[in-house]
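Note that the sequence shown covers residues 14 to 403 in our numbering.
Where hints are given, some of them may not hold.
Claimed, not checked - Heads up, simulated DSSO-like pairs for lysine-lysine below, C-alpha to C-alpha not over 27 Å straight-line:
1. K64 / K237
2. K247 / K234
3. K247 / K271
4. K62 / K271
5. K146 / K62
6. K139 / K346
7. K332 / K62
8. K271 / K105
9. K346 / K332
10. K234 / K271
11. K120 / K146
Since the hints were made in silico from the structure, they are not lab data.
Please read these numbers as outputs of a predicted model, since none were measured by experiment.
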Amino acid sequence: MFFKQKNPYRLMTPGPVPLHPDIEKILGEPMIHHRTPEFEQCLRRVTEKLKETFATEQSVFMHSSTGTGAMESALVNTLSPQDEVICIVSGKFGQRWVEISNAFNLKVHTLSVPWGEAVTPQEVEKKLNDHPKTKAILIQACETSTATVHPIREIASVIKAHDETIFIVDAITAVGAMMLEMDDWGLDVVIGGSQKAFMLPAGLSFIALSQKAWGFYEKSKLPKYYWDLKPEEKSLLKGETHFSAIVPLVRALDVSLKFLSGKNKMETLSRIQSLAQATRSAAVHLHLQVFSKAPSPSVTALTVPDGVDSQKLRDHIEKEYNLTLIGGQDQLKGKILRIGHLGYITDDDMFALFDIIYHALKDFSHASPQLTNMNRENLDAANEELKKYL
């Protein structure tokens, strides 16, 4: 069979993601020093284009870290010990806000939402009214573990009325992948990560603060050294990073931002949305159901047929068909399959994806009565759905 014999390797996870050929090329360029005119020019270009991507007039800072580092940075740059925070928990990464907050001795109020559902502005407003001393509300724009988006703009409108509360948004799987307007929506802290829509390897995280959040910085008493944004701000004005920069990633970012800023930004967002819609529409023909009630454009979570362990299916797909997807985490482990829509994904990749899933499910037909009668007509129907969007 073709795919079992010589299928090229494909990566379709929500992060890391497949890299654009232009990005792969520049990552292979000879190293330059981070205190040179060449790198200064690159950094200045990147700084301006990041503002477009985040839709802000504020500076967007880079940390040499994964996105979790920027989550920690968001807290230590704005809060003080025993400050009250509300953490929206609708999956594994919402729980991470709780864990980081506890590590810094913040007083945590949890607003839990069933996994696969989005929190409502009304729920946030009620929680905020119940805890009027809350200094920050912490949320994911996209809860990657469940492939669910929260109504960030509407929640921001609720928080605007509370002068003593800031809105901190983990947009790691959202910025560059869906509409997210930091300034217009009134978002106070926005976080991103290089291994998502930026189409880079992991290693860079991004963070931007509103003027309101900078006011919180002046009062913040949480310890900070490496994450301290004030020295970074001074260095950025000189076209420098405060500490050593990951030069290859910043140079590659200069390339990737061409797709995420200017006239190309909306085209990229539209492409990601089309991939998500194509995936959701095609999946049902292979007995896979969309898990989230508020599905994300950047990643789709699919419930597998009864009797099938999604982790075993994922492992089988990777071993036999050379395609890496990702399964569920924590309470969803073994129940869902997650497919990423970020990075350099071609139409051919999409058709190959569903061909592989079809054959892999056929391999598991003994495990589920739903799969017993699945045949080529199911794959043909899935392909017809793909053609509508690609």
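Structure versus earlier hints - violations, ascending order:
Hint check: 5, 6, 7, 8 and 10 fail, others pass.
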